[in-house]
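Protein chains: 2
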Amino acid sequence: MTSEIITIGDEIIIGQVIDTNSAFIATSLNEAGIEVLKITSVPDKKESITGALNIARKTADIIIMTGGLGPTGDDITKITLAGYFKSHLVLNKDVLEHIKKLISHLPGKISERNMKQAELPDNCKIIINNYGSASGMWFEDKGKIFISLPGVSYEMNAMITNDIIPALKERFSLPAIIHKTILISGVAESIMADKIKDWEEGLPPMLKLAYLPSPGILRLRISGTGISREKVRKEIEQQSDKLISLIGDDVFGYDDDILEETVGKLLVKRKQTVAVAESCTGGKISELITSVAGSSLYFKGSVIAYSNEIKTGILGVSEDTIENHGAVSEEVVRAMAVNIRKIYNTDYAVATSGIAGPTGGTSKKPVGTTWICVASEDKVIARKYNLGKQRGRNILKASISSLNMLRKLILNN
Amino acid sequence: MTSEIITIGDEIIIGQVIDTNSAFIATSLNEAGIEVLKITSVPDKKESITGALNIARKTADIIIMTGGLGPTGDDITKITLAGYFKSHLVLNKDVLEHIKKLISHLPGKISERNMKQAELPDNCKIIINNYGSASGMWFEDKGKIFISLPGVSYEMNAMITNDIIPALKERFSLPAIIHKTILISGVAESIMADKIKDWEEGLPPMLKLAYLPSPGILRLRISGTGISREKVRKEIEQQSDKLISLIGDDVFGYDDDILEETVGKLLVKRKQTVAVAESCTGGKISELITSVAGSSLYFKGSVIAYSNEIKTGILGVSEDTIENHGAVSEEVVRAMAVNIRKIYNTDYAVATSGIAGPTGGTSKKPVGTTWICVASEDKVIARKYNLGKQRGRNILKASISSLNMLRKLILNN
Chain A
538 MTSEIITIGD EIIIGQVIDT NSAFIATSLN EAGIEVLKIT SVPDKKESIT GALNIARKTA
598 DIIIMTGGLG PTGDDITKIT LAGYFKSHLV LNKDVLEHIK KLISHLPGKI SERNMKQAEL
658 PDNCKIIINN YGSASGMWFE DKGKIFISLP GVSYEMNAMI TNDIIPALKE RFSLPAIIHK
718 TILISGVAES IMADKIKDWE EGLPPMLKLA YLPSPGILRL RISGTGISRE KVRKEIEQQS
778 DKLISLIGDD VFGYDDDILE ETVGKLLVKR KQTVAVAESC TGGKISELIT SVAGSSLYFK
838 GSVIAYSNEI KTGILGVSED TIENHGAVSE EVVRAMAVNI RKIYNTDYAV ATSGIAGPTG
898 GTSKKPVGTT WICVASEDKV IARKYNLGKQ RGRNILKASI SSLNMLRKLI LNN
Chain B
538 MTSEIITIGD EIIIGQVIDT NSAFIATSLN EAGIEVLKIT SVPDKKESIT GALNIARKTA
598 DIIIMTGGLG PTGDDITKIT LAGYFKSHLV LNKDVLEHIK KLISHLPGKI SERNMKQAEL
658 PDNCKIIINN YGSASGMWFE DKGKIFISLP GVSYEMNAMI TNDIIPALKE RFSLPAIIHK
718 TILISGVAES IMADKIKDWE EGLPPMLKLA YLPSPGILRL RISGTGISRE KVRKEIEQQS
778 DKLISLIGDD VFGYDDDILE ETVGKLLVKR KQTVAVAESC TGGKISELIT SVAGSSLYFK
838 GSVIAYSNEI KTGILGVSED TIENHGAVSE EVVRAMAVNI RKIYNTDYAV ATSGIAGPTG
898 GTSKKPVGTT WICVASEDKV IARKYNLGKQ RGRNILKASI SSLNMLRKLI LNN
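The listed protein sequences derive, respectively, from chains A and B. Letter by letter, the first sequence follows residues 538 to 950 of our numbering. Letter by letter, the second sequence follows residues 538 to 950 of our numbering.
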């Protein structure tokens, strides 16, 4: 089973927007055992879209398109597909009801533009978009499948995951491709590669390993392919068990696990709470924690102390400590963690102080120098990191590392 | 003059890596007045590469490829192109010298792999890669130009900017393509479309408008094409001036401006400071503010008050106010803003309280209900928003809307 992806939009073609949709779709198709032959991006022009469809259908069984389904005049995918598949546009009552519900919180009547979003080709299956007004469309023509989805990523992602992939799996008998991803924090890629070298070399031919590094997190994906799903699954489980015991407690989860969710689950289970005192991370740790639904169960809040005045005035770090050791020091970050835990009356606390850059570095404390401290009632652990020169990256790395230190503290408590 | 971009690599096709190269190349070509017709990504397979070349040369004058030029066995672009253009690979002494210099800090002799990097087709112009060992290649065949560049972004970027674009400009007399993007916060796409309908319909044929919405922000891009650069620029300026006066103070910037940077610049200019009290946004506003280098000049910090205990204990909101009006209310968010401004001793304050979801909504206050308040010494402005059901999106929208309310408050002060 083969596929092609076509992303539609002038903004991609002129380079204003990076096409992230096709990577998401390609990953999803691959994991389902559907080979991707090509990815094409075309502008919002009728001939460009139909030209790409004509080329794609020569080699691919399934063609997935995104983009060009908005309510404004520059979006022409729907009308182009209606012409290509010789459809009539008809008002779809279910979609109209859905759109009315979507905009029910807005004042006034439904606009003509929104009404038009409910007019859809009469010879395709409609895929309802739970998060927006642009519906997905599934056409079939001379043995080929053509699927058109909105370009807004979270709308498209939900439809791929919840509608398209399940429907394709039900329709075709696909070869068994199984992935298992081991999630690690706190270990660099090159150190990990040395550590697991022997294990990697001993992998059976049906399994492949990929390193997927991102700031603060390393994902090791084991992929297996075979006829027997059971056999592939068994082999992956055996090998991943070996790998996990090699790596130890730097493994924080599997597959789609998210570090901040893992930490959240540990706290919910123990009915414990956490507070954060952030300097260099500027709110990023709190943002990660509260990105998890239900985090109000265990997260009481934070103090962002971006100026020393707040470190002393609100967090009670003594002026002498800052004077003697500098704001980026073990002493300051320890005081921040110990004090926020008391002020917010929580079981755990996390604190950061570092030089995010691009300025503020010195030869002794270059940009990227970051102190992180985690504290419970009877343990206070501080650690220094060198996180590199790029501001955005070192803020993210510091935040991820903080959550990982917290995870380990909770587990060892 | 038309072009196509072909990015080559299995990692793109399986979705492991997001193709950022083509956006960079597309932007560069566009700014030089070369239209991009299509972007294609293909795997490291001979037939996929030659297939894409055969399709591209039918319509495009210039074809730019990236990727597949590394020293390892899976990289086959060079050998494929050599075959496609009936070349012989010959050792290029200049490139060999360059590679020797590049690796002179490494111990040992030049490896066979590196030697092979200096073997290049004999019927192309070689473009030296100042940052790596993979050379660029410029072929010409039956009136079409084919350029192959390495996939490593910073190597490729330098070659596009320093070698390819200047060479193309010298070779062809190119038309002018100019873009201007107007950045707006606080107005929905459909409302904006109605508001500027007459203006849009009156645009001269040389100009095109595109709507580029993202959570909390709407970008309107005007693109102009013509022979005379001066004429296009003038027309865009005239039309964008009209558009801006139509929209008013919801416009926060142009082109690559970022809202949090715009707010930062206003504060730096006025030598003023800000503090934040966040409930539902959980740190996102602080994170956006501190993502800007130099934000310590105007940002003192925040209190994240995720539990009512912190709203009363640290932010001094009275228990009665919470009891009588609920935590998500105008009264509470006003008290949060007024109090954080005093506690942190700043010129401005921002506060949020809302129901981020997915749970916690009621019929009177559904998920997405969010109160935002901004305060200065003599003004306190609170506003209620309905930001929809998706947690991540409504947190982001609330944060962007907060920054926009702050921007307006600063401007009106």
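Mixed in with the good hints, there may be bad ones.
Copies of the same chain look alike in the list, so a pair counts if it fits in one copy or across any two.
To be verified - Below, a list of computed lysine to aspartate or glutamate pairs in the EDC-like style, where the Cα atoms sit at most 16 Å apart: (1) Lys902 <-> Asp792; (2) Lys582 <-> Asp612; (3) Lys926 <-> Asp612; (4) Lys583 <-> Glu868; (5) Lys745 <-> Asp612; (6) Lys583 <-> Glu738; (7) Lys734 <-> Asp792; (8) Lys662 <-> Asp700; (9) Lys734 <-> Glu649; (10) Lys717 <-> Asp547; (11) Lys732 <-> Glu649; (12) Lys945 <-> Asp915; (13) Lys583 <-> Asp731; (14) Lys779 <-> Glu738; (15) Lys595 <-> Glu649; (16) Lys768 <-> Asp547; (17) Lys879 <-> Glu846; (18) Lys595 <-> Asp786; (19) Lys926 <-> Glu692; (20) Lys802 <-> Glu548.
The hints are simulated quantities; they were obtained by calculation from the structure and are not laboratory data.
Cross-check of the supplied hints:
1. Proximity of Lys902 to Asp792 under the C-alpha cut-off of 16 Å is found in neither arrangement, the shortest distances being 37 Å within a copy and 36 Å between copies.
2. Taking CA atoms no more than 16 Å apart as the test, Lys582 paired with Asp612 passes inside one copy only; the shortest distance there is 9 Å, against 34 Å between copies.
3. In the homo-oligomer, the alpha carbons of Lys926 and Asp612 never lie at most 16 Å apart, since the shortest distance is 41 Å inside one protomer and 25 Å across protomers.
4. In this homomeric assembly, Lys583 and Glu868 never come within 16 Å of each other (Cα to Cα): the closest approach is 64 Å inside a single copy and 53 Å across copies.
5. Proximity of Lys745 and Asp612 under a CA criterion of 16 Å is satisfied inter-copy only: 13 Å between copies versus 40 Å inside one chain copy.
6. For the homomeric pair Lys583 and Glu738, neither the shortest alpha-carbon distance inside one copy (48 Å) nor that between copies (21 Å) is at most 16 Å.
7. In this assembly of identical chains, Lys734 and Asp792 lie within 16 Å of each other by CA distance neither inside one copy nor across copies; the values are 22 Å within and 47 Å between.
8. In the homo-oligomer, the alpha carbons of Lys662 and Asp700 lie at most 16 Å apart inside one protomer (12 Å), although the nearest pairing across protomers, at 49 Å, exceeds that limit.
9. Only between protomers do Lys734 and Glu649 lie at most 16 Å apart by alpha-carbon distance; the minimum there is 13 Å, versus 62 Å within a single protomer.
10. Within a single copy, Lys717 and Asp547 get their C-alpha atoms only as close as 35 Å, which misses the 16 Å cut-off; across copies the closest is 14 Å, which meets it.
11. For the identical chains of this complex, Lys732 and Glu649 are inter-copy neighbours only, at 14 Å across copies versus 62 Å inside a copy, given an alpha-carbon limit of 16 Å.
12. For a Cα distance limit of 16 Å, the shortest separation of Lys945 from Asp915 inside one copy, 14 Å, qualifies, whereas the shortest one across copies, 47 Å, does not.
13. For a Cα distance limit of 16 Å, the shortest separation of Lys583 from Asp731 qualifies neither inside one copy, at 50 Å, nor across copies, at 25 Å.
14. For the identical chains of this complex, Lys779 and Glu738 are intra-copy neighbours only, at 13 Å inside a copy versus 66 Å across copies, given an alpha-carbon limit of 16 Å.
15. In this assembly of identical chains, Lys595 and Glu649 lie within 16 Å of each other by CA distance neither inside one copy nor across copies; the values are 38 Å within and 41 Å between.
16. Within a single copy, Lys768 and Asp547 get their C-alpha atoms no closer than 44 Å, and across copies no closer than 23 Å, so neither meets the 16 Å cut-off.
17. Proximity of Lys879 to Glu846 under the C-alpha cut-off of 16 Å is restricted to the inter-copy arrangement: shortest distance 13 Å between copies versus 19 Å within a copy.
18. With identical chains, the CA atoms of Lys595 and Asp786 are never at most 16 Å apart, being 48 Å at best within one copy and 51 Å at best between copies.
19. Taking identical chains as interchangeable, the C-alpha atoms of Lys926 and Glu692 lie at most 16 Å apart only when they sit on different chains, with a minimum of 13 Å there against 35 Å within one chain.
20. With identical chains, the CA atoms of Lys802 and Glu548 are never at most 16 Å apart, being 40 Å at best within one copy and 28 Å at best between copies.
When held up to the earlier numbered hints, the structure conflicts with 1, 3, 4, 6, 7, 13, 15, 16, 18, 20 and fits the remainder.
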